[in-house]
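*Asks:* One-letter residues, chain by chain:
There are 4 protein chains.
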Amino acid sequence: MLKVGIVGGTGYTGVELLRLLALHPEVELGMITSRSEAGTRVSEMFPNLRGRVDIAFTEPAPEALKSNDLVFFATPNGTAMRLVPELLEAGVKVVDLAADFRLRDPLLWEQWYGLPHACPELLQEAVYGLPELHRERIREARLVANPGCYPTAVSLGFLPLIESGLVAPGAPLIASCASGVSGAGRKAAVPALMGECGESFKAYGVAGHRHLPEIRQVLGGVAGAEPDLTFVPHLLPMVRGIHATLYARCPPGSDLQALYEQRYAQEAFVDVMPAGALPETRSVRGVNQCRLAVHRPQGGDTVVVLSVIDNLVKGAAGQAVQNMNLMCGWAEDLGFDSVALLP
Amino acid sequence: MLKVGIVGGTGYTGVELLRLLALHPEVELGMITSRSEAGTRVSEMFPNLRGRVDIAFTEPAPEALKSNDLVFFATPNGTAMRLVPELLEAGVKVVDLAADFRLRDPLLWEQWYGLPHACPELLQEAVYGLPELHRERIREARLVANPGCYPTAVSLGFLPLIESGLVAPGAPLIASCASGVSGAGRKAAVPALMGECGESFKAYGVAGHRHLPEIRQVLGGVAGAEPDLTFVPHLLPMVRGIHATLYARCPPGSDLQALYEQRYAQEAFVDVMPAGALPETRSVRGVNQCRLAVHRPQGGDTVVVLSVIDNLVKGAAGQAVQNMNLMCGWAEDLGFDSVALLP
Amino acid sequence: MLKVGIVGGTGYTGVELLRLLALHPEVELGMITSRSEAGTRVSEMFPNLRGRVDIAFTEPAPEALKSNDLVFFATPNGTAMRLVPELLEAGVKVVDLAADFRLRDPLLWEQWYGLPHACPELLQEAVYGLPELHRERIREARLVANPGCYPTAVSLGFLPLIESGLVAPGAPLIASCASGVSGAGRKAAVPALMGECGESFKAYGVAGHRHLPEIRQVLGGVAGAEPDLTFVPHLLPMVRGIHATLYARCPPGSDLQALYEQRYAQEAFVDVMPAGALPETRSVRGVNQCRLAVHRPQGGDTVVVLSVIDNLVKGAAGQAVQNMNLMCGWAEDLGFDSVALLP
Amino acid sequence: MLKVGIVGGTGYTGVELLRLLALHPEVELGMITSRSEAGTRVSEMFPNLRGRVDIAFTEPAPEALKSNDLVFFATPNGTAMRLVPELLEAGVKVVDLAADFRLRDPLLWEQWYGLPHACPELLQEAVYGLPELHRERIREARLVANPGCYPTAVSLGFLPLIESGLVAPGAPLIASCASGVSGAGRKAAVPALMGECGESFKAYGVAGHRHLPEIRQVLGGVAGAEPDLTFVPHLLPMVRGIHATLYARCPPGSDLQALYEQRYAQEAFVDVMPAGALPETRSVRGVNQCRLAVHRPQGGDTVVVLSVIDNLVKGAAGQAVQNMNLMCGWAEDLGFDSVALLP
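Residue numbers (my numbering), protein chains in the order written: chain A, 1 to 343; chain B, 344 to 686; chain C, 687 to 1029; chain D, 1030 to 1372.
If a hint is listed, it holds; no wrong ones were tucked in.
Calculated cross-link-like contacts (lysine-lysine; reagent style DSBU-like; alpha-carbon spacing at most 35 Å):
hint: 1; chain 1: D; residue 1: 1216; chain 2: D; residue 2: 1032
hint: 2; chain 1: C; residue 1: 873; chain 2: C; residue 2: 752
hint: 3; chain 1: A; residue 1: 187; chain 2: B; residue 2: 530
hint: 4; chain 1: C; residue 1: 873; chain 2: D; residue 2: 1216
hint: 5; chain 1: B; residue 1: 409; chain 2: B; residue 2: 530
hint: 6; chain 1: B; residue 1: 409; chain 2: B; residue 2: 346
Pair ranges (Cβ atoms, derived):
hint: 7; chain 1: D; residue 1: 1254; chain 2: A; residue 2: 164; range: 28 to 38 Å
hint: 8; chain 1: C; residue 1: 1016; chain 2: A; residue 2: 262; range: 38 to 48 Å
hint: 9; chain 1: B; residue 1: 608; chain 2: A; residue 2: 207; range: 50 to 60 Å
hint: 10; chain 1: B; residue 1: 419; chain 2: A; residue 2: 121; range: 45 to 55 Å
hint: 11; chain 1: A; residue 1: 191; chain 2: D; residue 2: 1154; range: 43 to 53 Å
Read the hints as simulated data drawn from the structure, not as lab findings. Every residue gets a Cβ at the ideal spot worked out from N, C-alpha and C, and that includes glycine.
Isolated chain A, as found in the complex (with noise of 0.2 Å):
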């Protein structure tokens, strides 16, 4: 059994981890923090877990971290930074949930993220953690940054138009997209009150979102050159789901549905709708799964993809869990046997 421990468990990517990992069969679930909470059992605060879930919460102390085989971070931005070269020194494997590991650019990081980062040395050494991206670098990596819940559904999404070469490298891309608002955390926060984001939509972030640099530094990595993206999200009036509608300039000609079925074809995680088909959020609640339909409006040269994922899942602690198969050698889907709830 991997020992695993989870450094912030009170927000809902942890209970969200905690859920999967009380699933996991190879697992032993060591310890979960929370500066906060300490000493509250972790099922009083999230009762879902009654009789799965027997420990409380911990200090964060680092000596205790250390005697778990991997650790997981599912804390504030800027947080594992401090304790992650600690962790890997004393041969502690690490997944951050954060985005403490994600851009490479310690001075985009700083200046996204408004603090210099911590440890810079290990931004290389990181691995971004999207399995069907970089699957043989996360086998062997001792850190890996988790990806953000948009970059997941975006990437997945624009990833066979560039790799193909059908969209040119600097091509303009729209990424339109929607997110439950489970996406904004556990905090309390005005914008984030049912009194304000219930039976409402809006856009936020147009200026620009976090997440942009790390859409573009995926793509751009791939695509060999910057894209030109815009991104824009969009906050709904539901708890998990993300919806990523894609636009891209590609002249007719390719077989689009075709090309998507065979860059997918051995992911256990990402499903290819059949032509014309119109996922919903729903069909992804719950499951580390990613559905994806490409179309072609009345023929014309753009082309629009459509992409769910369940934001805390493969959008973040699903994904994370992957990541941890991966890094210990088993199989990639060991413990998601899960069917999404619907309705």
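For chain A, the structure is supplied; the task is to place chains B, C and D on it using the hints.
*Replies:* Quick look at chains B, C and D alone, frame taken from chain A:
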């Protein structure tokens, strides 16, 4: 034109007051205060008011407040009682939408609200602003305690049974109620996050909710003895609306439909629906209306009364404007020319 | 492997059965029927089943159904009773998720369901499938009548009070309940449109709901006399979940918390929460669990029991699988290795 | 008083028309028809109208309809075109809220609506009722084709870019839009069940939505050439509101904020928000308003316009009343004295 001020205008009660006063033909909005948002334009925080309310929040300076003819307090509990005596002395009329003047007994107030009352001498003068019960006293009042949302829905539902004596003073009463999340206000708090209360339902305050002594006082005042009331509120995964399902024992034989229709025949803001009706909260969305239906399931001894209001209108700001109309000698329905938004 | 068939698989109960059976280690899904959708792949209608359920709907031919070891009926009321006798005769076990075999009295059935019963002789043999009450009889049964969703939540909540005699047989009981809209099924009907039931709340079926005689029968069977039950269901603006708020008179003096804990100490699927707890429907979303909390507000004579289930799991398909496990001599919790989806 | 009739009043557009007309000072509601509900009181079906609309549905008899001065059609597509010629001949003005008179080309109409047009000779006379574009022609019109909901939001958002020539006639345009479920109407249909569309999000009509040719016609009429428009609508898990996120390429250099403010400076029902604003659908809930914001993310070549309306008001019934006001020579904002319901 009546010059009106609002103290504490950044919450849902405040914005709803602004919406209603913007449509009122006899009111000039003099000022709206907010310590934290002084200087911010009201319509910047609440874009529905763009083009309708053109002022900015100001500091709640007592001298400035005295320049109004009437002041609404839309503040947290315990704020109004510190300012009201001075305003009354200056000849300003006051409608308090918080709980400061709702309970007549200062010890009971202290017990439920956790701090000593700052002006207990005003508790006897203050009129409990349920026009359907205290209309004449409200007309003469300097200080009106605007009822709570649950107490409004529950009291209007039980009144005919109690006033008629069909339900004996000490008999057990049950009020099983549910509210949209706007009832929790617009302050940052984890339990009101959409991630917490979306797609879920639960009871709260079962051990004791502050509206319990308030309802007891209203019904007890009518019955001549405190009722044996069990009050269980629940939180609905929606924004606006209160639904009260009321249960009382009352032997068959009396025509309850007629009783209710007669009791409220002259009331503009209470609508007794036909026998068998099932009022929906959306049927009163945005309007100052209570809709009631009375049932005797299976012809048995238990009477079921269904009562719906919009918690922010008849349960708060609308009733406050109704009280203002009475205090100013205007038609009670002045400024209320609207129709509920359905769907 | 047990060969299992499902009759009527296009509703929410059907897709939930498919989700649970897809995860069950001892079941082989032989067939799923639908007259209207014969030929359509199941995963085309329910994309959450893509990659998990690979069969298509077929016509409900009796001969084919007989090739199964066990058949679930997820059909409208009045369908199962026409096919069940033939299946039982052929040695097939049956779990009916509709109401056909829930009431023991054929006249009562006819009164509430509006047509004569097709096989009244089976009503005495059919076992009412509430394992927490009839476990031993279910183990021996050929035909199990799976309980309704409300009756499950209400019965589990009242049972300890009634079995213990703390509430007298004829005493008044109130069940104020609320259900997500999936309880109304997946058939096209105006009242279940999101435009009708979104952002609103209402009572329904106050004059008489079909689950009333069912609950009366369960509780009456335990008490030895029919209870004086008032049952008021309400429709919640959400998809999944039932919440029952139960009221009974019971003089202080007994330790209700201990009573409930002892009653359900051995039950894997009933969780008595700590004193003071307020169960949320989301804490059981997707799992075969009932969570209960018992309160005595203000130390008075009225006891309040809160009971939550997922209407599609413990209230339908999950309980059906639990019954199948018992009928087959398997561990009662076989195939239920999951954690509720929160948030 | 203008005598007004409504044909087809049982849908959401119908009840919204009734709400608005009940508040209109110059209108007398003469009749409202419904073949299926003839005899039913309107307020029985729509309890928000209790005390405000006192008539019952009647059969849609042409002779009776001719007794009105103006008739609104709130019927399914293909109905109005059978009755309109006769009404016009009788001197009755008509506003059709369906699509019968929106497309000028009868062959295009037949292609998208699946049946031949019944009075193609009227297609040239009918004025497309977007007052911000065709105000003067609407004033003179006998027959106004009230725009679709998406076309209203999209056209108002793109107009300044196209009229100004900043976006070239044939340039690619993207309209990524989302609508609340009331846009699907009030007819029983599985996809509009709350069990289907609650807590989920999806695109629909990607291959071709009937509003596509309508938007193309509007924008093409302004540009002088049909635009290369990609239109992807999505279904929101909420009741009211449309949000359009519009993308166009337009090299930096022009002051877009000034362009938009000037274009709509005289428009009572179009509100250009300050630079950087993010309009929410709830900010127009219940009112005849379009709120716009224009962005140029990262100072790049892609312009993003955000446009929100209430699909039932500015997207349907409100715009119809606005058109009526123009056709009758009244102030354009007569009867629109209300404020959006927020929260």
